[in-house]
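On the provided structure of chain A, position chains B and C as indicated by the hints.
Chains as they are written, first to last, in this note's numbering: chain A, 10 to 372; chain B, 6 to 509; chain C, 19 to 322.
What the hints contain is simulated information worked out from the structure, not anything from laboratory work. Hints are not guaranteed to be accurate.
Derived contacts from chain B toward chain A, CB cut-off under 8 Å, selection only [said to hold, decoys possible]:
{"no.": "1", "residue": "Leu253"}
{"no.": "2", "residue": "Val255"}
{"no.": "3", "residue": "Thr342"}
{"no.": "4", "residue": "Arg343"}
{"no.": "5", "residue": "Gln360"}
Chain C residues, not near chain A, derived (Cβ > 12 Å throughout) [unchecked claim]:
{"no.": "6", "residue": "Leu98"}
{"no.": "7", "residue": "Lys137"}
{"no.": "8", "residue": "Phe309"}
All values reported here derive from a predicted model rather than from experimental measurement. Idealized CB from N, CA, C, for every residue including glycine.
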Amino acid sequence: MKDLFTRAWKKSKGFILQSGALFSIAAFVFSLIVSAAIMLLSGFDPLQGYSALLSGAFGSWDNVATTLGTATPLIFAGLSVSIGKRAGFFNIGVEGQLLSGALAAAVAGAYLKGLPAFIHIPLCFAIAWIVGGLIGVLSVKLKQFMKVSELIITVMLNYVITYLVDILVSEFFLNPGYVVRTPDIQASAALAPLVPLSRLNTGIFVALAGTALLYWIYRKTRFGYEILAVGLNRRAAETGGIAVNTKVSIAMFISGGLAAMGGAVESMGVHGYYIANMVSGYGYDGLTIAIMGGGNPIGCVMASVIFGALRAGSSNMNRTTNIPGEFITILQALVILFVSAPLLIRYFKDKLTRTKSSGSEAA
Amino acid sequence: MRGICKSFGLVNANVDVDLDIAKGEILSLLGENGAGKTTLMNVLYGLLEPDAGTIWINGRQERILSPLTATALGISMVHQHFMLVNTLTVAENVVLGYEPRKGAFFDRARAFEEVGRLSEEYGLRVDPHAEVSTLPVGMKQRVEILKALYRKSDILILDEPTAVLTPGEADDLFEVLRQFKQSGKAIILITHKLKETMQAADRITILRQGRVVRTMPRVEADVDQLAEMMVGRRIVFSIGRKEMPKGLPVLMSIRHATLKREGVAKLKDINIDVHGGEILGIAGVDGNGQTELAEVLTGLQRLNEGAIYINGAPVKAPTPAKMLELKVGHIPEDRTTRGVIRNFSVSQNLILGYQRSARFSGRLQLKKRAVDAFAKNTAEKFDIRCGSIDDPLSSLSGGNQQKVVIGRVMSEDPRIVIAAQPTRGVDIGAVEYIHERIVELRDAGKAILLISADLDEVIKLADRISVIYDGRIVSDDEAKNYDERRLGALMTGQADESRREADR
Amino acid sequence: MDAQMLDNIGSLLASTVNIFIPITFAAIASCFSARTGIINMALDGIMLVSAFFAVYGSYLTGNAWFGLGLGIVAGVAIALFFSVITIKFRCSQALAGLGINMLAKGLTIVLLQAIWNAKGKSAIVEGIDVIRFDAIAGVPILGSIFAQIPPLLIVLVASLALVQVVFFRTVFGLRMHVTGENPVAARSLGIKVERMQYVCMIISGVFASLGGAYLSICDVSIFSRDMVAGRGFIGMAVAIFGANQPVGCILGGLLFGFAQSLQYRLQGGAGIPTQLVQMMPYVLTLVALAFSKKDTSGLTESRL
Chain A
10 MKDLFTRAWK KSKGFILQSG ALFSIAAFVF SLIVSAAIML LSGFDPLQGY SALLSGAFGS
70 WDNVATTLGT ATPLIFAGLS VSIGKRAGFF NIGVEGQLLS GALAAAVAGA YLKGLPAFIH
130 IPLCFAIAWI VGGLIGVLSV KLKQFMKVSE LIITVMLNYV ITYLVDILVS EFFLNPGYVV
190 RTPDIQASAA LAPLVPLSRL NTGIFVALAG TALLYWIYRK TRFGYEILAV GLNRRAAETG
250 GIAVNTKVSI AMFISGGLAA MGGAVESMGV HGYYIANMVS GYGYDGLTIA IMGGGNPIGC
310 VMASVIFGAL RAGSSNMNRT TNIPGEFITI LQALVILFVS APLLIRYFKD KLTRTKSSGS
370 EAA
Chain B
6 MRGICKSFGL VNANVDVDLD IAKGEILSLL GENGAGKTTL MNVLYGLLEP DAGTIWINGR
66 QERILSPLTA TALGISMVHQ HFMLVNTLTV AENVVLGYEP RKGAFFDRAR AFEEVGRLSE
126 EYGLRVDPHA EVSTLPVGMK QRVEILKALY RKSDILILDE PTAVLTPGEA DDLFEVLRQF
186 KQSGKAIILI THKLKETMQA ADRITILRQG RVVRTMPRVE ADVDQLAEMM VGRRIVFSIG
246 RKEMPKGLPV LMSIRHATLK REGVAKLKDI NIDVHGGEIL GIAGVDGNGQ TELAEVLTGL
306 QRLNEGAIYI NGAPVKAPTP AKMLELKVGH IPEDRTTRGV IRNFSVSQNL ILGYQRSARF
366 SGRLQLKKRA VDAFAKNTAE KFDIRCGSID DPLSSLSGGN QQKVVIGRVM SEDPRIVIAA
426 QPTRGVDIGA VEYIHERIVE LRDAGKAILL ISADLDEVIK LADRISVIYD GRIVSDDEAK
486 NYDERRLGAL MTGQADESRR EADR
Chain C
19 MDAQMLDNIG SLLASTVNIF IPITFAAIAS CFSARTGIIN MALDGIMLVS AFFAVYGSYL
79 TGNAWFGLGL GIVAGVAIAL FFSVITIKFR CSQALAGLGI NMLAKGLTIV LLQAIWNAKG
139 KSAIVEGIDV IRFDAIAGVP ILGSIFAQIP PLLIVLVASL ALVQVVFFRT VFGLRMHVTG
199 ENPVAARSLG IKVERMQYVC MIISGVFASL GGAYLSICDV SIFSRDMVAG RGFIGMAVAI
259 FGANQPVGCI LGGLLFGFAQ SLQYRLQGGA GIPTQLVQMM PYVLTLVALA FSKKDTSGLT
319 ESRL
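Looking at chain A on its own, in the form it has when it is part of the complex (with noise of 0.2 Å):
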């Protein structure tokens, strides 16, 4: 028994140093102290800061419950991601594509009646898919076309289908009575709530097969070891017989669908209808989730629960203290500098160490 116990530890031990998890691992607590640095210099308490975000995200088991259901569409977000990385393109669009796949959803949801459950919510997630995955194709193909980088085309496309999807709900989907809300989907399209009244719900499962799918395409399919083949460099790629923009298309088309399917959970699990700002921010999450991660999809989980938990926490800071939510916004955006800047923690260790040796000398 023992035996098997370090193998283990020795197993998951190897898997972290070898992943770089570590490196993201101090990327995150670098910017922890950054941002604790800045609370200070703003008049804010970061001790307290800290003790209500961590209390929000974990001190009872509905706020567990809510900090893991907040990582459900957060999950999704960094796989599309990383796909879509794997590939080389970076897909910035991830914002743009939950969103449609929130509406999409909710509208499959509500407006498809007479269908048995285990019909209906598969069906609301292929729609969702499929609108998410298109876009993903979309902004591809604006790509070649245009001969640009999708870094504008994606960020401009996310500000164009945010107004569009806010279109569709007034004139088309809208919900009487309410300002941007479609009406309640069907019970056959919801998603079972795990903790009874939060936003824990069945998502999570759907979440983890997702990852599971991306593991194995990752680790151990022909078309895994093509785009990653892509992604590294394009011009052999070609050469070696990979059609390149097909297969650059492929993957886009599952980041779409991955990203539009945060959305679905959301609508489907969380809400029960699609409401403006419902997921707003999530897709620059999955940025942060997927560099955090490493290009690995197991990484991409554990970054998601973490922002999950900063996610659920941070409504208590709000609540709690006078710090505003914002913070989590600032720590990502050091993460994400942190983690794409290896030499910046190094320049930072250096410096730590040596102001250390030079102190332990002088005494």
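Frame of chain A, contents of chains B and C only:
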């Protein structure tokens, strides 16, 4: 230069190097790729700082910390890969860094005037108003040399200057250098070409693995001796091959091929036959359509007109995947951008292009065990020096990386191989190995199309040679009917004298 | 033509100029960095920060010009931060830009809370008022444009002329071009590539800050969260459209400003939903990019 040492991490590029050059002489710095020649000259030019050693100019010790210092001391370097800005004019490129000014403003008129004068004075005719992107390679080199002259340099370093020139252009260059010599300038010629050294140098310094093997006057040297000193062992200059019967089958051909890029025709009505059991060498100066020819034959580019035939049957819509399926192997001319993926492991690179074959993958998944076994096998067979097959490719030397490409192509039992610049950037030991493998393929009845800018390689390996110039095949004959002069003339677009003579 | 129509045209042109100013500032900012080979992906963040600190400076001292100065200082600090991360620490420009833009968003909201205890908007502060020429206020069309000239418009026009000269007639401009086109060559000529990039990034920061500050203290005298709304990216698109040249930026900026103010006029009429109008700038940007001449400015490949 005395006792120069320079290391990059674990690599000792220069170890305790001494070098002298006097006014009015041409010194050849001879060595194979990676011997440390360019590093040494980068130190002299201030692009690198030596770890140890001293530099003396005109009897005074100097510290050269940047190209500005070097230039001020009268040292100029003409790099192998031109340091030119394509969108600017010749004059602007020449004066960069020492621009004639009116206050903060750039005196463009004076730049044109001065450069024009300089080019006349030294007989290096170039139009100062021309945009550099429009110039052919030989002219671009003149611009680089004008840069050195504009800075009033007395010491000129030329890094592999003839790498991009035809034999005729190279002769012109050496004539110019001879003039410089007579006017008292000192010239250091970095080269790995023995012939060039024997032709132009007064003295020779041979570098091997970062150390000076010997410095000697040219009159005392002979080619074999130099080669041995460069490599440390005897080099075989020719390669044995099987006698092939007459009437070899045509495995691949291309007819009336025309390719246009951005409105410019890169290939003009090309007709080529590649026979099984034959190495067809395509000789030509880089930029005359070789790249496009290779791309078209491997499916990377579609022809505007014409067609490719394999075993007599036309290939309908050629893509790289299709050509690979049709057993056309490709050794790309640019290894880093097209041949390998640096961050992939050795084994991942070894199946690149062939990952769809039933050997390596099922319907959706890769057969990891099969891939690993294949990789281990191939690495052994082709003497690929690496830690393990899971090491990233970037940890291998250039020669070993190329061996991965070659091992990959050859293990798939291709019928036809398009080999473009197969030994570019590869050290002499690996070059021999690669040449042997290519001839091996040929002896086994495969068709090889060898595209190379290295005339020595083409002459050594090819059974037949076609010369490509300006997108056309201007000559096609058995290799033994060519000599350097005829090839050089054809490569620069001159009419085929020997043919005309033979016809008469 | 009746007075009403002249009035409409006048206000159309006036609002064109209003939109033109910040976008074109952002466009020049993008030109400066792009010409040295760095894509300034943090434009949005720089503009947001400068907009905030311009208002803050004015709030502190009651002097709008001091605010402008503070805004520029803050914006340049961000620009420097961006350049240090990307040049010295070799972070990818896209990710650095993303991080900085997010940081700016979060930071400004947090500071809104810290300083004014507000969630969305700051207090109203002293703004930089337009220069009035009441004499021509009555003149049709021209009056609408020239009767009230925002001082920053004068700065913009002067800058554009100056930049044109610098790019094409000075030694500095020539060396800038080389740094961007062929940094290896530049280095071999003794041009200090990194120094050039830092300097141009600072200049880029100055222009972006002017654009951001215009949005807050010249236009509305207030700071509201996320008030930049992608204008940095739009400015970048205008710069690409204009082939990174001042003349192109002017044309692009005017075209964009005109198209957008046209949309505003159409808004509300004939039952066109407001969101359609709101998304116009972004659609326009995409369209403009589709028709721009793509050069090797590096924006064609995403620098990950």
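Hint-by-hint comparison with the structure:
no., hint, in the structure
1, Leu253, "violated, 28 Å"
2, Val255, "violated, 24 Å"
3, Thr342, "holds, 5 Å"
4, Arg343, "holds, 4 Å"
5, Gln360, "holds, 6 Å"
6, Leu98, "holds, 14 Å"
7, Lys137, "violated, 8 Å"
8, Phe309, "violated, 9 Å"
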